[in-house]
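Below are the chains, spelled out letter by letter.
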Amino acid sequence: MRILVVEDDPVLSDGLKVGLGLSGSTIDRVANCADARAALAATPFNAVVLDLMLPDGSGLEILSEMRERGDVTPVLLLTALDEITDRVRGLDAGADDYLGKPFDLDELSARLRAIARRREGRAGPLLKAAGIVLDQATLRATVDGEAVSLSRREFAVLSALMERPGVIRSRAEIEDRLYGWQEEVESNAVEVHVHNLRTKVGRETIETVRGLGYRIRGRP
Amino acid sequence: MISLRRRLFALLLAATGVIWLSAVIWIYLGSRAELKHVFDARVREAARMVHSLVASGNMATAIAATPFEGTSYARQLSCQIWSFDGRLVARSTGAPDESLAQDKEGFAERQLNGEAWRVYTIVDAAKGLRVVVGDRIGLRDRLVRDLVAGLITPALLIVPLLAIMIWVSLGRGLRPLNAIAGEIAARDGEDMRPIDSEDAPTEVHPLLSALNGLFDKVEAARRHEREITAFAAHELRTPLAGLKTQAQVALAATEVPVREGALNKILVSVERTTRLTRQLLALAKLEATPERKTDSKASVGAVLREVVSSTPIPEGIAVEFDPAIDQLPLSGDRENLHLVLRNLHENAVQHMPKGGRVVWKGLSNGTGIIVEDDGPGIPDEELAVVARRFFRGRNRSAFGTGLGLTIAEMAADRLGTRLTFENRPDRQGLRCSVIWPQTDQGCVGA
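In order, the protein sequences belong to chains A and B.
So the first sequence is numbered by the working numbering: it starts at 1 and just counts up by one.
So the second sequence is numbered by the working numbering: it starts at 221 and just counts up by one.
Take the hints with a grain of salt, since some may be wrong.
[Said to hold, decoys possible] Rough simulated footprint, nothing fancy, chain A against chain B, three-plus residues with beta-carbon under 8 Å:
{"no.": "1", "stretch": "471-480"}
{"no.": "2", "stretch": "546-557"}
[Unchecked claim] Computed, partial: chain A to chain B, Cβ under 7 Å:
{"no.": "3", "residue": "PRO55"}
{"no.": "4", "residue": "ILE84"}
{"no.": "5", "residue": "VAL88"}
Derived from the structure by calculation, the hints contain no laboratory data.
Note that the structure is a prediction, hence the values are computed from the model and not measured.
Yeah, the Cβ is synthetic: ideal placement off N, Cα and C, and Gly gets one too.
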């Protein structure tokens with residue numbers, strides 16, 4: 001998952017980047033409303049972690065703007081306020097979930113996965129297609145019941161393809177999932193990951209659509 | 221507390237009573253004067269009539285004609301005819317035996333057997349007779365009293381009715397006040413909406429606008445407090461969230477550099493939280509202590525040296541201290557001075573890029589000191605609010621608490637000095653000035 005973290009505290013923001021990165025997500029960080037607007041306009045994210053009190057405004061403004069222009073990216077609010085009215089206001093403004101500071105990193109991670117999969121129309125925690133089962137919480141994968149060991153990047157590529165089995169994912173889309181803004185993207189990185197994945201989950205499972213991208217071949 | 225209704229009731233009743241009393245007195249006096257006039261005229265008329273009969277020689281008819289005997293009012297005129305030699309020639313029935321007459325012709329008042337009489341005497345020198353007609357003053361007074369009593373009795377009967385009407389009318393008249401009181405009483409503590417004065421009587425408007433003004437003030441104070449609480453919650457919980465997250469990262473990380481990075485971040489965060497706690501305590505203390513204490517005075521140079529030497533300076537940052545500051549005749553309460561200088565110094569050091577310089581020097585006219593840094597400065601639109609509590613501007617440092625400049629400004633105020641922030645005109649960076657007030661004798665420390 002590619003997640004945007006909008007948080008002005010550098011220590012917390014860094015912790016989120018590293019911590020959520022450990023559970024397989026790619027994190028981009030911004031520290032104010034202006035940067036958040038720019039980031040949201042430039043990059044598609046699977047979820048947004050949004051702090052309410054930002055130096056140049058309120059996270060609620062960002063949220064309202066997103067919803068107004070029809071951006072359905074799941075948003076989890078982080079706030080230091082406990083009052084129910086604040087939570088209600090956040091949720092009513094279009095937030096998908098809410099966590100009060102301080103929070104548990106694992107809980108945040110789980111909630112992000114939950115709101116992201118709900119947005120994709122899935123209720124269950126497992127991604128299943130073509131005999132492959134991915135557990136995004138534990139980063140475990142099985143093929144026809146057999147456990148397969150995948151690197152974090154491989155897992156991310158496979159997740160991207162399996163979220164919508166049969167739908168073609170372009171190389172750029174997959175790259176967007178894998179790499180944050182500051183990260184160097186090797187030109188053939190996606191090809192390398194797909195190549196490695198094919199040896200692990202089956203050569204036929206991932207189909208290359210010439211000139212367009214990749215997709216999971218339908219074997220329910 | 222006196223009830224407005226009772227007060228108005230008493231006032232109205234008293235006023236009505238006074239007016240009635242005045243009216244009664246007026247009627248009494250007026251009637252008495254008028255009656256006296258009328259009765260006197262009748263007494264004189266009767267005397268003349270009797271005299272004219274006497275003059276025509278008809279004595280018996282004269283006495284019989286004496287009018288007004290035994291009226292229903294038991295008021296009687298008494299008539300006597302005396303000869304000059306003191307013999308009672310004739311008298312009317314009921315007239316006293318003693319003489320009512322006087323020597324002179326005309327009106328007189330006489331006492332006879334303890335009774336006051338009003339008499340009119342006609343002296344007929346030709347016949348040697350005196351004709352006297354008299355009237356009992358007691359009877360006249362009784363007539364006046366009866367007249368007044370006749371007026372007062374229904375009035376007294378009306379009084380309770382009038383009182384009830386006043387009481388009820390007051391109740392109705394004061395109803396808008398009760399309505400407003402009811403509206404305010406029914407509010408809960410959160411409701412600070414202004415009271416609608418549209419329907420209220422104009423007399424109550426000043427009171428209502430004063431109340432509404434108070435509501436506004438209370439609401440503003442509460443909003444301010446809520447904001448402060450919200451900021452405080454944010455500023456306290458965010459570093460805690462950072463600490464917890466980094467601790468979880470350190471526990472979960474398998475790679476050594478990741479773990480070490482997280483642990484270092486924890487140290488940074490603890491440092492900042494420590495500082496935040498210190499700042500909050502300093503702020504609470506500043507707010508609790510009375511303004512401007514001058515227990516122990518200290519000179520600027522000494523305190524500044526102490527501040528500079530006790531603040532850890534990150535590598536690559538230089539602090540310059542103009543020794544001329546020691547010569548400045550500026551001083552103030554040690555604790556407040558320390559708070560001002562320390563927070564300004566920390567603020568400057570925190571925002572310093574590598575290789576930056578923090579420079580402390582005196583103002584050229586000797587009325588204050590300034591500190592300049594090479595940091596990013598403060599955007600112009602933030603300059604006015606930079607000392608606001610928990611305000612952390614766009615160019616925030618990782619260590620900032622949003623309280624340093626608030627404390628500096630509060631302490632500067634206690635010192636009696638003026639604190640100003642401006643961006644350096646010569647290059648990027650912030651300049652903070654602490655300026656002591658000028659007096660005729662020159663510059664003094666507060």
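Looking back at the numbered hints, which does the structure fail to meet, lowest number first?
Those not satisfied are hints 2, 4, 5.
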